[in-house]
Amino acid sequence: MVPLSYYLVLSGILFACGVTGFLIKRNIITIFMSIELMLNGVNLSFVAFAAQWHALRGQVFVFFVMVVAAAEAAVGLAIIIAVYRTRETLNVDRVNLLKL
Amino acid sequence: MLHLLVFSAFGLVCVAGAVNLLVQRHPINSALSLVVVMGSLAVEYLLLGAEFVAAVQVIVYAGAIMVLFVFVIMLLNAGEEERSKGSRVAMIFGIPGMLIGSVLLAWVLLERSGTGNVATGALPGPPKVIGWLLFHDFLLPFEVTSVLVLIAIMGAVVLASHPGAKQPDKREG
Amino acid sequence: MTPNLNLWLIPVLPLIGATINGLFGKRFSRQTVSAIALGFSGAAFVRALWILVQASASTLPHIESLAPWIRSGDFQVDFAFYLDQLSLVMLLVVTGVGFLIHIYSVGYMWEESGFYRFFAYLNLFMFFMLTLILASNYLLMFIGWEGVGLASYLLIGFWFTKDSAASAGKKAFIVNRIGDFGFLIALFLMIKHFGSLNFEQVFQSVSGMPTEVAGAGLLTSIGLLLMVGAAGKSAQIPLYVWLPDAMEGPTPVSALIHAATMVTAGVYMVARSHVIFDHAPQALMVVAIVGTLTALFAATIGVCQTDIKKVLAYSTISQLGYMFMACGVAAYSAGIFHLMTHAFFKGLLFLAAGSVIHAVGGEQDMRRMGGLRHHIPWTFWTMTAATFAITGVPLFAGFYSKGEILWRVYSSGNTVLWLIGVLTAFLTSFYMFRLWFMTFFGEYRGETAADHDDDHVHAISSSPTAPAAHGHGGIHESPKIMLIPLVILAVLSIFGGSAGGKRFDKFLSPVLHNHMAVDGADATTPAPEEKEQHGLEILLESVSVLAAAAGLFLAWLLYQRRPQLPQEIAHALGGFYETVVHKYYVDEIYAAVFVKPLIDGSTRILWHGIDQDVIDATLDNSAEGAREVSDAVRHMQSGNLRSYAGWIAAGAAVVIAYMVWMGTR
Amino acid sequence: MSLGVFILVSVIKTVLALAILLTGVAYTVWLERKVVGHIQNRWGPTRVGPFGLLQPLADGVKFIFKEDLIPPHVYKPLYIAAPMIALIFALTSISLIPVGNWITVFGIHTPLEIVDVNIGLLIVLGITSLGVYGVALAGWSSNSKYSLLGGLRASAQMISYEIALGLSLVGVLIMAGSFSLRDIVDAQAGTFWGFIPRWNIFQGQFVAFFIYLMAAYAETNRIPFDLPEAETELVAGYHTEYSAMKFAMFFMAEYANMITVACLATLLFLGGWHGPHRFGPPILQAILPVFWFVAKIFAFLFLYIWVRGTLPRFRYDQLMAFGWKFLLPLAIANLVITALIVALRA
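As given, the protein sequences belong to chains W, U, S and Y, one line each in that order. Numbering that gives the first Met the number 0 puts the first sequence at residues 0 to 99. Numbering that gives the first Met the number 0 puts the second sequence at residues 0 to 172. Numbering that gives the first Met the number 0 puts the third sequence at residues 0 to 664. Numbering that gives the first Met the number 0 puts the fourth sequence at residues 0 to 345.
Okay, chain W solo, but in the shape it has when bound:
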């Protein structure tokens, strides 16, 4: 038997790692992966709460998050490719002009 709060804390840790990654990483792909990490953390809390409240809807939400994450990955990576083509760098600190 594991207290629910352990799952939530794990989820929180993953989320915090994601935020930290966003803040400290320079590579735009890694930053994007940090976002995925945050989403995963949130998913865990969804599933945990679903188990807690015996509501399958929580699990259904995870699917939506996954689908949105997939869509986001497709578009985001396409953007990264486009950015790389024009800037020839993946370092976000060097991609700070709002125009070409």
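Honestly, I wouldn't trust all of these hints.
Derived DMTMM-like pairs (lysine to aspartate or glutamate); straight-line CA-CA distance at most 20 Å [to be verified]:
| no. | chain 1 | residue 1 | chain 2 | residue 2 |
| --- | --- | --- | --- | --- |
| 1 | U | K84 | W | D92 |
| 2 | U | K127 | Y | D115 |
| 3 | Y | K144 | Y | E230 |
Over the 10 Å line for every Cβ pair with chain U, so calculated as not near, a few chain S residues [said to hold, decoys possible]:
| no. | residue |
| --- | --- |
| 4 | L22 |
| 5 | L51 |
| 6 | L183 |
| 7 | G194 |
| 8 | L217 |
| 9 | R372 |
| 10 | H373 |
| 11 | L422 |
| 12 | L545 |
| 13 | G574 |
| 14 | F575 |
| 15 | T578 |
| 16 | V585 |
| 17 | A591 |
| 18 | I614 |
| 19 | V632 |
Derived, one-sided and incomplete: chain S residues facing chain U with beta-carbon distance under 7 Å [claimed, not checked]:
| no. | residue |
| --- | --- |
| 20 | R641 |
| 21 | S642 |
| 22 | A644 |
| 23 | G645 |
| 24 | A648 |
| 25 | A651 |
| 26 | A652 |
| 27 | I655 |
| 28 | V659 |
In case anyone wonders, no lab produced these hints; they're calculated from the structure. Remember, predicted model here, so these are calculated numbers, not experimental data. We put the beta carbon where it would ideally sit given N, CA and C, even for glycine.
Chain W is already provided as a structure; the job is to place chains U, S and Y on it using the hints.
Chains U, S and Y in isolation, oriented as in the chain W frame:
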């Protein structure tokens, strides 16, 4: 006991993977750490009984999305991260903000939440029931999401298509 | 079991023609365009004739409901068509005269670059006019009503590159709008009080109501409002001002829309609504007075006009006045009868005038015509027939219809109106013969044939590239395709009246008398008095013939015998003459009383006051404010992704702290 | 059944399965060389043992004793991990494949597979979808143009065809109403009119089988879709830089994947272990289903090899166009039609 053991083991793998993601300087290592995180998360889902979610987690996240990441890393031949100083704001506000938020959340979760224990396989999510929910209670979100995915596909194609193909006068990257 | 007449086909046929020509006509040759336009309008005419044969008296009125249109509670409006004797007469007039004018237009407009456009509009007009006529409820009628207004606008402004044509179109549209406003309010009143717009139901309800003899009530208001609408469409005082300007359009348009058909829609509408007017004698009286005044007023203006089409325009107004006069004394059948004969001879007059203009190369000023009768004999003789018809020369169409009107006016006891009517008849005769003499007799006063070619092109055609294909070698007769309609209409003008007012009255009686409260003047005439009445009628008719003869004599005297005399008379009359020449300054008065205050008010209050100082200022200031605020915070938008993440994290921390604080309090 | 016995039985089954699978892999290689040899009018391996039957053994020994060469500029951790990843995922998926009914041995009632889970098909799909990492990472970490191109091609191709593959299976899932491989096989028991087996392929899923077949060729990087290792342009694709045992691992992974794919095809479309009427003594009755199963796998593998010996290689854009513009719409259409029929029949 076994439950806690398995939970802790994979939880640790999870956190280790997440931290490794931050520590590693090469994006492909970060990506693989993330795959590890996702795999162990799938196990956590199984512990909670959500077998279908776990399977989809592996297929979609680990098997498709992360492959896409790896693919892009390979395609762009991303090298090691360079240590550049770009943002003071991120350091001054972001890190403390993140820390404060996390600590507050952890405190609330551990001290004040009245949630109880979760048994192994507490809520089995049979595909049939989840499908039923998706196509009845969540039909509208489902359809909207499908439109979103369609648009995302088109957007990805448009964004990633070579700009020089149609506008030869545009500056090439 | 009523036979299926398929009434809907009649309006829809011209619509098909209009659609084809409007959408694809640009790519068609002129032959194709005219074949389509003539084909579809001709088909409508044939269809109308077929219906005339099919629809014996037994089957009328015939109602054909196609589809529901508006359904709201108890209120329902259908796409439904209604055919009775009244609409049958109108149907034949509109399709018949319309078809003839279509034929004429092929010849008249051949040189125009907008040939296909013209015929598309013309067919469109036919569609709306037929909808108006065949509608079985006021709303559908209103659609047709508005539609003919639109078509009229488009056709007046056909040469839209010409400033005057464009503004004439606008003027017609706006003045009509005022009338439509009245019509619309009448419709609202009907919906409110009768809960329906169907003719049958409305008239049923009205029949059950008492006649408003003493005070003005609901029916009087509806009647007056309808009259406002009719005055707008049919160019009655005070809304007649658009019609003379509408002469900027091509002459066939003037003939079809502004003489024969559209302008008579008001008369038709009043006749159609006769049940309402019969129950509102005061409204009826207003109709009569307005009609009579218009008739006289327009006739006096017509006397002094020199533009051949303007004369005819004022004549039209005047004749419309006659029709309203007839309706005003509840002699609807006489009004409709005059409407029909008027459609023949006025259509003919305009077409013949068009032929004259065509002959002299676009000149419209009668002072530069003269002596044309040898050059253009066909036009001359047809025009003569029409002139005789309008002035009421015995045995011509106008003699019967005008005589009928005057007799009915007299017998209703309105002697003053009758006197004015006779005076108007005299004036009509005078200005018509004046036109006749000035145009066809005497010496040709225009420029020499050598240099009028340019003028012609400029006046008739807006297009600089329209060459005179058939060559203008001086004054010449129009092509056959223009003359055939003239001849047919001339025949109709001569014999069209011989049907006689009485028979016409009988034909229309199922419509106009069946559910009518008996009104003194219109009660079936008792048998013993008939003889005496007949004698009186002949006497009165001789009076009007005399008046016409006097007009003829005077015209002959002034413009044929002693051409210098008019100048002297004008000089003698001085200020009054000036006033009449300037159409009593009505346009100027309207401009001063309505237009200028409106423009000033709009400019000062609505534009400068509200739009600029309130609406625009709100917008400008909020935009300015937004800009200033953005200016202050834009430094946060550094373009550095990680800084954004930092802000978000800090903000999230604040939110979490707030929530925790709220939750643990 | 106590935990100890369960673990014991599981270990025994795992060892058995692994041994059989690896042997199967070895002899699939042999079979391929033999069959392709005959197709190409030559003999194939003949020297080692009768009909060259010991050739795989000789090959294995050779691989083990070759020098394990690591090129200087590779990214070492991943270079070493990649073949392991590929092989591990290829071998793992076999653990969910049922080869027959439940049997009772020594009083222990156990299914003829390592674990019996009710979403078996999903897990198999998940594991095979992870196999792409091995190929992709091998290509990238080798730090060689040929390898990189091979890895890129492999990952794009496998992601693309996974969609068609998954969709082709949905029709079968709708017919069976379950993710459990055992249920799916059971849904195909019996015959139509006594002689046509009720296999899914005969139940209107022929199109799905075709799609599955095409996608399977692409997923296992086999001719006609073996672009990732197209030797005429990429030397050897993603495993250009590999030698000795690491190369053998890729080799084994490829054939193990073939066998997995053949197992899945058998289970999903060809009626699994169901065969003609049961006959013979009880022991034969217990063994026969396994025999039918193996026979079907053999037939499928033969088809694989036959195609390899017959068809030329596609161009890469043809491959992608085929997957996205033909197979995917076809799979969707098949799915819609199947769903309609099932809904109407219900």
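Structure-based check of each hint:
| no. | hint | result |
| --- | --- | --- |
| 1 | U/K84 with W/D92 | holds, 7 Å |
| 2 | U/K127 with Y/D115 | holds, 18 Å |
| 3 | Y/K144 with Y/E230 | holds, 14 Å |
| 4 | L22 | holds, 34 Å |
| 5 | L51 | holds, 59 Å |
| 6 | L183 | holds, 43 Å |
| 7 | G194 | holds, 42 Å |
| 8 | L217 | holds, 52 Å |
| 9 | R372 | holds, 74 Å |
| 10 | H373 | holds, 74 Å |
| 11 | L422 | holds, 78 Å |
| 12 | L545 | holds, 86 Å |
| 13 | G574 | holds, 76 Å |
| 14 | F575 | holds, 77 Å |
| 15 | T578 | holds, 72 Å |
| 16 | V585 | holds, 64 Å |
| 17 | A591 | holds, 61 Å |
| 18 | I614 | holds, 37 Å |
| 19 | V632 | holds, 14 Å |
| 20 | R641 | holds, 4 Å |
| 21 | S642 | holds, 4 Å |
| 22 | A644 | holds, 6 Å |
| 23 | G645 | holds, 3 Å |
| 24 | A648 | holds, 4 Å |
| 25 | A651 | holds, 6 Å |
| 26 | A652 | holds, 4 Å |
| 27 | I655 | holds, 5 Å |
| 28 | V659 | holds, 5 Å |
The structure is consistent with each of the numbered hints, conforming to all of them.
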